[in-house]
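If you read the sequences in order, they're chains W and P. For the first sequence, counting from 1, position 65 maps to 65 in this note's numbering; every step adds exactly one. For the second sequence, counting from 1, position 112 maps to 1112 in this note's numbering; every step adds exactly one.
Among these hints, one or two may not hold up.
[Said to hold, decoys possible] Partner residues aside, some chain P positions facing chain W, computed with beta carbon under 10 angstroms:
hint, residue
1, Pro1113
2, Phe1189
3, Met1207
4, Ala1208
5, Thr1215
6, Cys1335
Simulated from the structure, these hints should not be mistaken for lab results. Glycine included, C-beta positions come from ideal geometry on N, C-alpha and C.
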Amino acid sequence: MIRDVNEKAFTTLKNIPFAPAYKHTLVSVNSGFRTEKPVCNRDKCNGCFLCYLYCPDGVISKDGESISINYDYCKGCGICQKICRKDAIHMEKER
Amino acid sequence: MTKEFLSGNEAFAYGVKLSRPHVISAYPITPQTTVVEKLATLVEKGELKADFIHVESEHSALSAAIGASAVGARTFTATSSQGLLYMAECLPYAAGGRFPIVMMNANRSTALPWNIYGDQRDSLTLLDSGWIQAYAKDAQEALDLALMSFYIAEDKRVATPVMVNLDGFTLTHTYEAVEVPSDDEAEGFLPDYETDNKLSLEEPKNMAFTAGPDTNTEFKYKEHLGVLAARDVISECEGRFEEYFGRKYTGLVEQYRTEDAEYIVITLGTLYKSVCECVDKLRDRNRKVGCLRLRYLRPFPKTELIEALKGVKAVGVLEKDISFGNEGTVYTNVCSALQQSSFNQPCSNYIAGLGGRDVPLSDIEEIFEDLEREQNGVHFVGLEE
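Construct the complete structure from the given sequences, taking the supplied hints into account.
Written out as C-alpha cells, the structure is:
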C-alpha cells in the first residue's frame, strides 16, 4: 500500500493524485527482509555525520548532537557501522 | 496579423514562437531540421526569449523537455522517424508524468530500407504511448495547431503531451501563403502555463515515483481520462481560436461533401487535399463520393466516425502505413469503432505512399471505383505484379 509520510493511505481513485507526484514521499514501508539493524550508541557518537553521508538509503538524519535511524526503510546493509570512526554503531540481529 | 510565404516547418516554427515556450530542446533530423533551425535563429536574434538546449540525441531531447516541464516550463521538441523511435522510451514518461509537452513530428518512413521521405509509420507505431496525436493538412493548420496544442495540453483536465504530425516533405517543405498572428493576438489566445504538477522550492515534492500493482491501474485510468477529456477541450479551444483569429476548425474530424455520399474515403494529413480534388472530379460525373479526414487519432473520433458514416454504402481507409502481418493501423482503429455501431457495410484498407511514393489522383479514382465493387480487405496501391 502507498502511504505518505503522515501514514495517510492512497487507495481509491478519489485520493490518488492525477500524476505520480505528491508533496509527501509516497513510498511503501520497505525493510521486512532486514536480518540485522544498525544501532547507535549516543555516548560514543561525536556527531560527525559520516554515516549520514554514506547511507545509500538516506534513512539517517540529524538528531540533536547525534543521529537517528528510520527503521521503516533501513535495509540493514551495515555501511554506517563500517564507516563509523568512533565504533558508535553496531549491528544487532533482528528477531 | 501578417501574411507570409512559408513552408510547413517554418509555419510551425512561427506557431511555436507565438506560444512563448521557455525551453526548446531538439536534435536535428530530416525532414524536421528546418523547424528547429528556424527556432534556433529566432532565439539567436532575440525575437524569441527561450532557452534552446542543444542535446546529443532525441532520447536526450525529450528527457530534457520532461525535466523542464517538471519545473513548470512551457516546453517544445521536434523530431521525425528514427529520431521519434529513439525517443520512444521517454514518450510514456512524459504522458504518465502528465507533462504537457508539445512535439512536432515530421512524418517519415522507418528503416530498413533506409528512406527519408514521408509516410506515417513512425507516429502510428507510437499511437499507444499516451500522447494526443494530431495530423495537419497544410501549413496554415500547422501554425494553428502549434498554438492550439499548448492550449489543449496544458488544460488541467487534459495535462497530456501533444504530438502534431506534418507529412514529411509534402507538408514540411512545401510553401504556401500563411496568416501569421501578431504576438499580442497570440498572447491573448494562449495564457501562461500554470500548474501544481511541478517541482518548486516553496512546495517540495516527490515526482515520478513508483506505483505498484495496488495503485498502478488507478494512475493509468486517470491518464486515459486525461486523453478522453481532450475531446471537450479541443472543441472549446477551437471555439476560442475562431473568436481570436477567425479561422474555424471542425474538431476531431473534417469532412468534405459527405452529406449524401455513398462512398467515403477516410484518410490523414495532406492526402486529404488530393482525395478532395478527386471527390470534386467524380462529383462532376454525378458520383456520390466524399472524404473524411481524421484530424486527431488520439483521442480517437469514434462517435464522429459512426455519425458520419451512417447510410454509406462502402468505406475505404487510405493510409501511409502498414502494421506488418495485419493491416493498416488507422484501418484497425476505424473498424473497431464501426464494430461498436450498427454499421454493416464493406470497409476496405488501401496502403499507399510508403517511403514517400506519390499518390496520384488516378490511384485515388481507382480506390473509389474499387469501393463500388464492394471489396473488403487490405490492398497495396500501385503494387506491380
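Hints, verified against the model:
The beta carbon of Pro1113/P is not positioned within 10 angstroms of any beta carbon in chain W (closest approach about 40 angstroms), and the interface hint is therefore violated. Among the interface hints, the one on Phe1189/P is violated; its C-beta lies about 25 angstroms from the nearest C-beta in chain W, farther than the 10 angstroms criterion. Hint status for Met1207/P: holds, given a least beta-carbon distance of 4 angstroms to chain W, under 10 angstroms. Annotation: interface hint on Ala1208/P holds; nearest CB of chain W at approximately 6 angstroms, less than 10 angstroms.
With a cut of 10 angstroms, the hint placing Thr1215/P at the interface with chain W holds, because the nearest CB-to-CB distance is about 5 angstroms. At about 31 angstroms, the closest approach between the beta carbon of Cys1335/P and any beta carbon in chain W exceeds 10 angstroms, and the interface hint on this residue is violated.
In summary, the structure is inconsistent with hints 1, 2, 6 from the numbered list given earlier, while agreeing with the others.
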